[in-house]
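Dock the two chains into a complex; use the hints.
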Amino acid sequence: MAAEVQAKLKGGEFLITASDPQDVFTPEDFTEEHQMIAQMAQQFMEREILPQCERIEDQDLDLTVELLRKAAAELDLLAIDVPQKYEGLGLDKPSSTIVAEKLSRVGSFAISYGAHCGIGTLPIVYFGTEEQKQQYLPKLAKGELLAAYALTEATSGSDALAAKSTAVLSEDKKSWVLNGEKLWITNAGFADLFIVFAKVDGKDFSAFIVERKFAGVQVGTEEKKMGIKGSSTCILLLENARVPVENLLGEKGKGHKIALNILNIGRYKLGAGCVGAAKAAIGDCLSYAGERQQFGRPIAEFGAIQEKLAEMAIRTWIAESMAYRTVGLIDARLREVDVDDPGQALKAIEEYAVECSIVKVWCTEMLDFVVDEAVQIFGGNGYSQEYPVERYYRDSRINRIFEGTNEINRLLITGMLLRRAKKGELALMQATEQIFSELTSFPEELDPEEKLAEEKRIVENAKKATLMVAGLASQKYGEALTDEQEVVMAAADMIMEVHGMESGLLRVLKIAQKGSKDLELYEKLIRCYIHDAIDKISLSGKKILGSVCEGDEQRTYQAALRKFCKHSLLNSISMRRNIAGALLKAQEYNL
Amino acid sequence: MKLLTCLKQIPDRDTRYEINAAGTGIKTSDLTFEISECDEYSLEESLKLREEHGGEVAILTLGPQRAEKSIRKGLAMGADRAILVRDDEGKVTTPHAVAKVLAEVLKEEEYDLILTGTQSDDWSYAQTGVLLAELLGLPHATIVMEIRADPAQKKVKALREMESGWFQWVELPMPAVLTIQAGISQIRYASLKGIMQAKKKEIRNVELSDLNVDLSSVPEVEVLKVYFPVVEKKAEILQGSTAEVVEQLVEKLKKEAKVI
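Protein chains in written order, with the numbering used here: chain A, 1 to 591; chain B, 1 to 260.
A hint or two may mislead.
As a list, the in silico DSS-like pairs of lysine-lysine whose alpha-carbon atoms are at most 27 Å apart [said to hold, decoys possible]:
hint : chain 1 : residue 1 : chain 2 : residue 2
1    : A       : K213      : A       : K10
2    : A       : K70       : B       : K201
3    : B       : K193      : A       : K133
Computed footprint of chain A on chain B, listed as stretches where at least three residues anywhere in the stretch have a Cβ under 8 Å from a Cβ of chain A [said to hold, decoys possible]:
hint : region
4    : 67–73
5    : 183–195
Calculated directly from the structure, the hints in this document are not laboratory data. Glycine residues also receive a C-beta, built at the ideal position from the N, C-alpha and C atoms.
The following block holds chain B by itself, in its conformation from the complex (with noise of 0.2 Å):
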């Protein structure tokens, strides 16, 4: 089976961030940087995948020159070679338009399956996966809890994780685009073996100007204000007798915050 996984390089969750002085985002210059979660997840699935039916793993993954680290990270745990279309700019930023780029690139690449993480940790727009689904033509389902693949006859049954504690399972001919959940199974570790062997496989790197994508028709999104959730301590205390303070309670809950 030929899988493609995309991976993106967002900035260490457990970094203490810090808002730019612009006010529309955050300071990247201190900043360490991992795969994000779901991404792992995905490339995990691409990997017991590669386990069960043979094949290869492709890294595909849109970002700055920084993001080669966690790419050689993924080819490490081990992916068999990536490709990295530099946006060093940090031109393209809506999911839609990430989609329409890799989706370009992805015309010149075979495959069976495209993993992508259900959503990212920095944006969460959880769209990427279903847009370039959608231009490249393919089927696709989001938030897979596992994959059973039939390669023979070229199709793939996924768990989707839905409302209140729901699951459906969909059967998709491939090629298909599959969006994983986080949290789905044990993410291995990048073995010294893989560590070592890591450097020697390739990491493709494609520049964005050398693509014929035209992203003048995607809407842009204009960031405005980010900021830190403000932190607020409100007390009230009820007066009266026990019957008195529950009637006011009642009355806030329905009226004030609306919970009822």
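If we strip away everything but chain A, and leave its shape as in the complex, we get (with noise of 0.2 Å):
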């Protein structure tokens, strides 16, 4: 059993504050639980799944449910995350985001999983009244129900709350009558039952636990997508929908808290669906550029070649960090609650919505990466649906888009750090005065006997980096900051390639203090990475820099930029050739 971490960091605070090693999650910790599960679902992935994955992707929809039904009746899968009260297993929660990370290599199976039991499931489990849960999560838990989530109109995607479907109590009080067209609702052609957003009354924003089978309630065709296609994607059309007067999920007119606190679960569980699909992605590069020859050679032994598998397989590695590190704090946090108390429960989990939004943008991100590099290697043939990777690259890209655009989730990660730090939640003003009186201060040598030494010197520089551009901003927009979204955007990608190097090079710290025979690789690849993250916040930090302030003051501010940013040239080449070398010896991602 691996000792557990502490939720020693507040929500945000990785911005502010060091971290020990010790209080971050990484996968090497997982207990033997968390490995038997992880062998168990990729043997399900690998057996059930793949094999039938040309049938799945032609939107045999009777085999997708059939499955579902199966990987709860063998596996127990749909039961993760309900509590063991309502018949389910309520496992913590690295278990159920390892479990999305296995299934991801078939995207439309995993969606369709994933929709039933995050945004599909998970809102009974954290809103329902006592009766709707005993009615409805065992029969989720047990896969007898399948569940979809219905939130999008088509005049409100990201605005959300601009719902146009109503709610009207009828005149007997028994039910509500909802009114609406819902777009893009994932599961909709098979699911049993909705949860479904609408206004009470035209004004308050509700949601309700809709029956399929309830009068009214109608399915519209299948949409054509570009990716995941063997997922079931249709309108859902309420028209006088008759749903019973108790089916109200949580308080009327606080529907927000619901869909807004579901989506920044699935936001973390996302990020390692993507670490999932990436790693099946570089696996089967890893395969193929062994084997495919030109000039007389395996591409694989081209650098050209060597520097792409090199470069997915860090960005993965860095992935996987993030995702992990804010999973382990979400279940750190969660131990110290009561779980059967959902408003604590989602508490637990709210604390860390800006880490959920990062690791969303920046998973999301490494994944179109990965992807495209993919079909690169694979040239011609990663053009034709002969071959996996033109599916991972057209499934990749949607990622991006739902659970929250990553455009809006930039402009979250630096309004929520604003806003806790404006409600006292988080001492980000005092960190940022700190640093403009340190500006003309001169850095202690490095220890050239440390390991990491400048890496660990490059994250607190980046942190200082991005406090100073960021109150800077702050400083010269004020409330108005919200309204200047490419300077909000820049700031969140600086404050993301902060947490991404710091939860590498944590990792890779806690790695060697447990000691692996490939620590120098590891060491390797947290330098490449840091060294290449840093001249991206420096570039960042530029961008605001040329707005937010000119002249003099813009030149100092410059200079600060600059030191903060500074750092030594590695010989990446080499490193990269060291981990491309590493990979394709053992044929797989087995970093």
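Below you can see the structure in the form of structure tokens.
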């Protein structure tokens, strides 16, 4: 049994506080049960899902339903997040995240599964009344009912709360009468129940549990999508739909709490899903590059290909570090509260909303990079449906759009941090002022004996650069900063890179403490990543400085930014060759 | 029914092996391990028999401490308890020695059927189960594909796979030893519930030194050399008219390849 980590950091606090590697949850901390769950989910993917991938992709929804039921009956996979009290298993968050990672290789099935277990089931887990839970959760856990989530409408996507669907109490006060049209409803083709959002009397945004069999509920035809073609996506039509009065979910007018919190939970899981898909793509590339001969040699022997393979693996590893660090924090916080009290559990998850958004954005963009390079490694074959990377490429693209677009999430990252600071939950302003007062000081010499000393310094400085630039933007625009979306998004980019760098570095330091024969490889990996990331931070920082100050002031801060972003040159080409070499030898992603 | 299944932990079949420095085995330091395939089927058969007749499934393993991981998987699949005879130094190697150790442990156990794999995926001796039956004085059937147990009559029928597509039904009195063939059924998953329950189940560790077995009389086998098959590419192009080429080919198939 691995040691459990403590949730010493509050949400967003990573930006202003240093962490001890021991306080960070990493895949190396998986318990024996976690490892068995990973193995079991992988087996299920390899034995049941992959061999039927073509039929799934042809949208054989009967097959998808059959596989979901099988996952429930033989592996209990649908019960994973349902509390034991309602015939579920109520496992810890790393467990369900591991399953999400392992199933992501076939995006269509992963989405069907994830929509049921996540946005379909969790609203009832966290917001349902005792009666609603007893009525629905055991059946959802066993796969007797399959669920979907209906929030988006034609004119309300990112602006979800602007929904036009309405709910009116019937004259006999026994039912709600729902009218409206919901778009892009995953699982709609077969779902038995929908979590539907509508405005009571056209004003109070609220959630309802709507069964397919209720009068007035209709499902439209399947959308023709770019990717995840095997998943079901339809319109949900509500025409005077009669919903029993007791099926109001949560409080009237508090639907936004459900809508936003449930998306939060989905985000870190989506991040882990991207990690799993990236590992699968890398695995396929490794075997292809080893076999494909050009100029009389396997293309794996060429530096151009090795550099790609190494970078794909580096980013996947960083993404994994970020995702599981966040899951670990949430899980540690959940261990401190009464999980049978949904309010407390939800608050524990909400605490790390900033991190959830970071993981969502960073991991989905990581995967888009990885699958794009995968197609490139496969060359012309990568463009053909004969090879799996073509599907990976299409399946990946939706991730940047759903669960809150990456633009919305970037705005949230900076916005939520500033809001927490304003509410006094995060000592952001104090940390920023401290940096302003230190600007003219000289850095201490690095200890040449200490491993990764420079990288530790870079991470510290990256935080300072980010706080300085964000602080200046906040000073200049005040409340109006939210209107400066380009600035807010650039700040989010800096914050995300800080999280990525630090999560990876702490993981390497933790591995070093435990000892590993591959330590040297991990050190190379993190050095490559950190030295690149600090340049990205510098670019975003310059963009913001150029807009928020000018003249002498600008020159002063630009010099400070340059100082914070300083780093030595690495022989990153040779390091990446080493990383690629290790992967090619193993013929699978095994970092 | 009291069922006892022998599980062996072997190196993961998907691993790329490397020969050790002495050239007498494979490097085990970087390997992952799993349950030998036939043994997994024998566990599946045990679990099915328990579902049909009730009772208990116990796992018996001889191996180092790391074997606990494979045992835990067996418990997650549904076995009730396990015994691990600890041989951390890998002293017990030959099928005869393994069978002697297992037989000693089984003196203290009650069982109606002992199921083992037909053979293990590492050394493929296919002897341990048979030797175990002999040492315990029990009847046995090998390469079993189907089992029909009748606990009330203390009898078991087993379908054996024979050469050339022949099969044979045999009937044995219980207790008996059956060695199970791979690929005969669909092996169940370790469910999430099973995984969470597995950690609560007992794995009784037995030290080899605490057992009253004398292995000195068991002949030892010394491994002299382990090596990968040599990959050779040889092509010979026969020259001449069709009739001449055919004649040469037949000659070669008879004398060199000795296949006709």
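Taking the hints in turn, this is what the structure says about them:
no., hint, in the structure
1, A:K213 x A:K10, "violated, 44 Å"
2, A:K70 x B:K201, "holds, 26 Å"
3, B:K193 x A:K133, "holds, 21 Å"
4, 67–73, "holds (count 3)"
5, 183–195, "holds (count 7)"
In summary, the structure is inconsistent with hint 1 from the numbered list given earlier, while agreeing with all the others.
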